[in-house]
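*Asks:* Take the given structure of chain P and dock chain X to it, following the hints.
Chains as they are written, first to last, in our numbering: chain P, 1 to 41; chain X, 1 to 549.
Bear in mind the hints are in silico, worked out from the structure with no lab data behind them. These figures come from a predicted structure and were not determined experimentally. Treat the hints with care, as some may be off.
Here are the computed lysine-lysine pairs in the DSS-like style, where the Cα-Cα straight-line distance is at most 25 Å [to be verified]:
no., chain 1, residue 1, chain 2, residue 2
1, P, K2, X, K52
2, X, K123, P, K2
3, X, K198, X, K316
4, X, K231, P, K2
5, X, K190, X, K529
6, X, K198, P, K2
7, X, K306, X, K529
8, X, K329, X, K316
9, X, K529, X, K188
10, X, K106, X, K94
11, X, K52, X, K231
12, X, K306, X, K190
13, X, K106, X, K95
14, X, K106, X, K123
15, X, K58, P, K2
A few chain P residues facing chain X, derived, Cβ under 8 Å [to be verified]:
no., residue
16, T3
17, I7
18, R11
19, S14
20, L19
21, L24
22, L31
The beta-carbon is built from N, C-alpha and C at its ideal position, and this holds for glycine as well.
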Amino acid sequence: MKTPQYITAFRTVSVAITLAFILLLLLGDALGSLAALVKGV
Amino acid sequence: MIRFLLGNFYLIALQAGLFFGFFMIARTFWLTLWGQAKNPQQFLPSMLYQPKQYQDEKLQAETKRLGVPVPRPGEFPPDLAWPLYTFRQAGIDKKAVRANLLAYHKRLWTWPVNTFFKRRYGKHRWPWWVLLFPVPVSVLSFLGGAFLVSWASYWVYWGLLTASWWLDHTVIAVLRGQLRAREGRRRKGKHTAAACMKCLHVTPWPAYACRTCGERHHDVMPSDLGTFFRKCGRCGTTFPTLPSRAAWHTRAVCKRAECQQELPDGTGAVRDIRVPIFGAVAAGKTRFLYSSLNSLQQDLDRARVKWEYLDEPSRKTAEDWISRMQADKVDKTQDGPATAISMRLREGTHADFIHLFDAAGEQFSNPGNWTLGYGNQETNAGSLRFLEDGQALAYVLDPFSVDSIREQAASRDPSLLSRVTIAGMDPEVSYTEVLTQLRGLGVPVESQRLAVIVSKADLLSGAGLAVPFDSGDIARWLASNGVHNVTMGAPREFREVRYFTVASLGVSIGRAHDPGVPLRWLLAAHGVKVPGGDALLAKPARRPVGASA
Chain P
1 MKTPQYITAF RTVSVAITLA FILLLLLGDA LGSLAALVKG V
Chain X
1 MIRFLLGNFY LIALQAGLFF GFFMIARTFW LTLWGQAKNP QQFLPSMLYQ PKQYQDEKLQ
61 AETKRLGVPV PRPGEFPPDL AWPLYTFRQA GIDKKAVRAN LLAYHKRLWT WPVNTFFKRR
121 YGKHRWPWWV LLFPVPVSVL SFLGGAFLVS WASYWVYWGL LTASWWLDHT VIAVLRGQLR
181 AREGRRRKGK HTAAACMKCL HVTPWPAYAC RTCGERHHDV MPSDLGTFFR KCGRCGTTFP
241 TLPSRAAWHT RAVCKRAECQ QELPDGTGAV RDIRVPIFGA VAAGKTRFLY SSLNSLQQDL
301 DRARVKWEYL DEPSRKTAED WISRMQADKV DKTQDGPATA ISMRLREGTH ADFIHLFDAA
361 GEQFSNPGNW TLGYGNQETN AGSLRFLEDG QALAYVLDPF SVDSIREQAA SRDPSLLSRV
421 TIAGMDPEVS YTEVLTQLRG LGVPVESQRL AVIVSKADLL SGAGLAVPFD SGDIARWLAS
481 NGVHNVTMGA PREFREVRYF TVASLGVSIG RAHDPGVPLR WLLAAHGVKV PGGDALLAKP
541 ARRPVGASA
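For reference, chain P alone in the conformation it holds in the complex (with noise of 0.2 Å):
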């Protein structure tokens, strides 16, 4: 059966919270890491 709209939404939401947080999480500490890398050399 073809999953409801409301499920897939509710799944979205979800998963792209989840990502994005993870997201912003990663890329401050790539960005941390780059300075110290920068700052070392």
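*Replies:* Chain X only, in chain P's frame:
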């Protein structure tokens, strides 16, 4: 720079692993929740929690709770509709994502673990840790980073869904309760309990059938099956919850399995007033019903209020009787199931449904009819069922069946009695008979209004008797003529009692003895906006122009 990179290779591997962990969780989400896996053995898609599963789960729980198989006769299983995401689907999704992520990590860690720790791909593992030391360190740093981010992401996702579940079971559950309570108050104040015009069954609201597939939804209040909207479990059509909204997006159907009569749009959402008429044989019940109906219709037409019969039998019967009444060719009502005349006043959400019930007087004296079971045309069983569910009662009293009044009329016009059909039963007896039965059946008459209608007022006036118009005057007049049980007992039994004198012929709207007045009073008392407003219901009852008080 190169020296830095070479000196910190494990940090770079770790950083890359962090991003790979992000890729892992994103891929797991995608393949689990959107079911796009080319190899379903690697990523099992999350199963959908189907409406049928919800139904079965609820039935099993109820069977276990009650200790008997459910649904029992006359009960309905839970409706077939998609439950809320947080009810079960969120939990299933969490488990599926976790299982797939775990399997993903297992696959990813198999080679490094076997190689660096288990000697599965060589006799010795020391070369990895002595000669090729940077390789296992880099690989394990990479995998460690991936592990960290992917599981951290999963627990963020788990936290989000758990928070949604908690929110649904607290704040939104309270909201659903508020919606139900508000709807309940609205329904009580507006008298929206729905009557089936075929079997006279009255329920708080009917079943609502999906307009696409016809699936019946018996309880559309906000619940696990939707807070504001509900999705049909058979075809996926979405429609609003709450009977006051669902009634306009679905087809209303009688809830009784044996009936299943389709009901008009708006049933269960609009005001639904049922007025049973009772009285002795030949008291003038049928004449009163159609003359009051005729008066109301003329009044509505004059005020340009749109009205129509709710079903074809109502239209045919009413038109036939009104034309016969106007031609003064009214016969005795046939013994049989009660006649129900159903009308709609106005359209859309402002509509009011009105049901008037009439049964032959003999029906009230037949004890078998008081079982109040469902109507059976052959046996007449349940033919008085309409009395149980009425919100207001109209009692028709034939003044000629009161000895004192009959004698006064005969003394003034000796030929009158030969021209009049007189009710065969004492009015006090017919009133007490019905009231005793209603009380015995637990019908809450104390919450109902009673209109005591003295019929044949035109004949009394024609004989030169002074017929009062005011409710209080009529009560005193009846009491002075010996009708004590009704005049003294009724005000104690009912919420409100008013007396009316009516004629069925040659009466115009707004004039004395207009048979529409009692009906308008009963309807207006239940919130139906009748044309003319209070002017037509003013106390004392209207007097003919030029008549003395």
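*Asks:* So, for every hint listed, does it hold in this structure?
*Replies:* Hints versus structure:
1. P/K2 to X/K52: holds, 15 Å
2. X/K123 to P/K2: violated, 52 Å
3. X/K198 to X/K316: Given pair X/K198, X/K316 holds - Cα atoms ~15 Å apart, limit 25 Å.
4. X/K231 to P/K2: OK: X/K231 and P/K2 at ~13 Å, within 25 Å.
5. X/K190 to X/K529: The given pair, whose Cα atoms are some 12 Å apart, holds under the 25 Å limit.
6. X/K198 to P/K2: Roughly 39 Å between the alpha carbons, so the hint for X/K198 and P/K2 is violated.
7. X/K306 to X/K529: It holds: about 12 Å lies between the C-alpha atoms, which stays within 25 Å.
8. X/K329 to X/K316: Holds. X/K329 to X/K316 sits at ~17 Å (cutoff 25 Å).
9. X/K529 to X/K188: holds, 17 Å
10. X/K106 to X/K94: Holds, because 18 Å separates the two Cα atoms, which is no more than 25 Å.
11. X/K52 to X/K231: Distance ~13 Å between X/K52 and X/K231 Cα, so the pair holds.
12. X/K306 to X/K190: holds, 20 Å
13. X/K106 to X/K95: holds, 16 Å
14. X/K106 to X/K123: Roughly 23 Å between the alpha carbons, so the hint for X/K106 and X/K123 holds.
15. X/K58 to P/K2: holds, 23 Å
16. T3: holds, 6 Å
17. I7: With a closest approach of 6 Å, the P/I7 hint holds.
18. R11: holds, 5 Å
19. S14: Hint holds; P/S14 Cβ to chain X Cβ min 5 Å, cut 8 Å.
20. L19: Holds: closest Cβ of chain X sits about 6 Å from P/L19, inside 8 Å.
21. L24: Hint on P/L24: violated, closest Cβ of chain X at ~11 Å, above 8 Å.
22. L31: violated, 11 Å
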